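Participant: Single-letter residue listing:
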Amino acid sequence: MHEMSLTESIVEIALEEARKQGARKVTRVFLDVGALSHVEPEALEFCFSAVAAGTAAEGAKLEIDRIAGAGWCLDCERTVALAERFGACPQCGCYRVQMTAGDELKIREMEID
Amino acid sequence: MCSVCGCGEATIALDKDKADAQAHDHGHPHDHDHPHDHDHEHDHDHDHHHQHQHEDGVVDYGKGIAGAHVPGLSQERIVRIERDILSKNDAYARDNRRALAASNVFALNFVSSPGSGKTTLLVKTIEALKERMAVTVIEGDQQTSNDAERIRATGAPAIQINTGKGCHLDAHMVGHALETLAPPPGSALFIENVGNLVCPAAFDLGEAHKVVVLSVTEGEDKPLKYPDMFAAADLLLLNKADLLPHLDFDVGACLANALRVNPRLQTLIVSAKTGEGLAAFVAWIEASAARRAADMARG
Numbered sequence: 001m002h003e004m005s006l007t008e009s010i011v012e013i014a015l016e017e018a019r020k021q022g023a024r025k026v027t028r029v030f031l032d033v034g035a036l037s038h039v040e041p042e043a044l045e046f047c048f049s050a051v052a053a054g055t056a057a058e059g060a061k062l063e064i065d066r067i068a069g070a071g072w073c074l075d076c077e078r079t080v081a082l083a084e085r086f087g088a089c090p091q092c093g094c095y096r097v098q099m100t101a102g103d104e105l106k107i108r109e110m111e112i113d
Numbered sequence: 114m115c116s117v118c119g120c121g122e123a124t125i126a127l128d129k130d131k132a133d134a135q136a137h138d139h140g141h142p143h144d145h146d147h148p149h150d151h152d153h154e155h156d157h158d159h160d161h162h163h164q165h166q167h168e169d170g171v172v173d174y175g176k177g178i179a180g181a182h183v184p185g186l187s188q189e190r191i192v193r194i195e196r197d198i199l200s201k202n203d204a205y206a207r208d209n210r211r212a213l214a215a216s217n218v219f220a221l222n223f224v225s226s227p228g229s230g231k232t233t234l235l236v237k238t239i240e241a242l243k244e245r246m247a248v249t250v251i252e253g254d255q256q257t258s259n260d261a262e263r264i265r266a267t268g269a270p271a272i273q274i275n276t277g278k279g280c281h282l283d284a285h286m287v288g289h290a291l292e293t294l295a296p297p298p299g300s301a302l303f304i305e306n307v308g309n310l311v312c313p314a315a316f317d318l319g320e321a322h323k324v325v326v327l328s329v330t331e332g333e334d335k336p337l338k339y340p341d342m343f344a345a346a347d348l349l350l351l352n353k354a355d356l357l358p359h360l361d362f363d364v365g366a367c368l369a370n371a372l373r374v375n376p377r378l379q380t381l382i383v384s385a386k387t388g389e390g391l392a393a394f395v396a397w398i399e400a401s402a403a404r405r406a407a408d409m410a411r412g
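Residue numbers (this note's numbering), protein chains in the order written: chain U, 1 to 113; chain F, 114 to 412.
Keep in mind that a hint or two might mislead.
Cβ-to-Cβ under 7 Å is the rule here; a few derived chain U residues that face chain F [claimed, not checked]: (1) Gln21; (2) Ile67; (3) Ile107; (4) Met110; (5) Glu111; (6) Ile112.
Just so you know, these hints were derived from the structure itself, not from any lab.
Keep in mind it's a predicted model, so treat the numbers as computed, not measured.
In this text, a Cβ means the ideal position worked out from N, Cα and C, and glycines have one as well.
Working from the sequences, and respecting the hints, build out all of it.
Facilitator: See below:
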């Protein structure tokens, strides 16, 4: 359940930015979470309401964008879709694929009041 | 603030030399960042009801969601952040790495599932290494200081971090432990992470290398089931090799699985019980430490 400490980081960063902007409240937080990252979006949502309680982010909505996995296949010399981390190339079946997308774990933006 | 998951009450038992553990509570908020409270409140008196991009990264929807300047109305704004969620941990990890490099300390982060034999392996490695290189140890567990006591019996100073409900060590905890442990220049620092093949993969502690320990009683498909950890590691130690004659474990298949996930992974087959492969591991530590010191000296 490292989602709990990741959520604490999310709330911490959101509150820090809210303070910088002189905001009263954080109403929505937009995340980019790669489909191949080691994070369960449902677990993040579950933890978020608990961690945000009692802060300026209490009640804020977490909007999670899932970024699809992609990689560069060294044998096909092209970008291919990746369904799993360290998975095979869907074109040639080999495993020489370098992940280029899907590993994201980022706060993109937030809505403040 | 302690960024342990679930608890917020990690304690670090600081008992460097003796086994009389004094618990040291880390409940206080502890920010390493400078508070950045420069409120730049520039009022835009000119009328503009269209959406526009603010120069410091604020997308201002006409100063209010409806574009209206009416007191009392909600003034929601979208603020662009673009920060990695792990950026806080990574900043602490960078501080740790810098401090370790400054005193030429070679740090290894040992990760594995519970029961893979990490602590026994560390004890045996320390005994084989200590004549040539000073060793200090940071032990991570949810509870108890049993592991730190086992390490101290070898004569190596050890600090126990109890993570409470936490499933991994983070760079902030390790930073605090380093302040107390103060590893001597030119030494090796072993960080034994919480036994868990999932969560510790994501958290950089400032180490030179992650070393993943897998025991032959666990099944050769572990690298495929928990790929993040094997991808994050630089060295795989396949432990409990003395048990191989009694098992159906396929060493070749296991290493092939690990290399599929991480083609750069180095591998050693060891037994903490019989000492098989430990000389090779000690040689790897000395060679890697020397290489890292040379890299650091070159900048």
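Participant: Evaluate each hint against the coordinates.
Facilitator: Hints and how they fare:
no. : hint   : in the structure
1   : Gln21  : holds, 6 Å
2   : Ile67  : violated, 13 Å
3   : Ile107 : holds, 5 Å
4   : Met110 : holds, 5 Å
5   : Glu111 : holds, 5 Å
6   : Ile112 : holds, 6 Å
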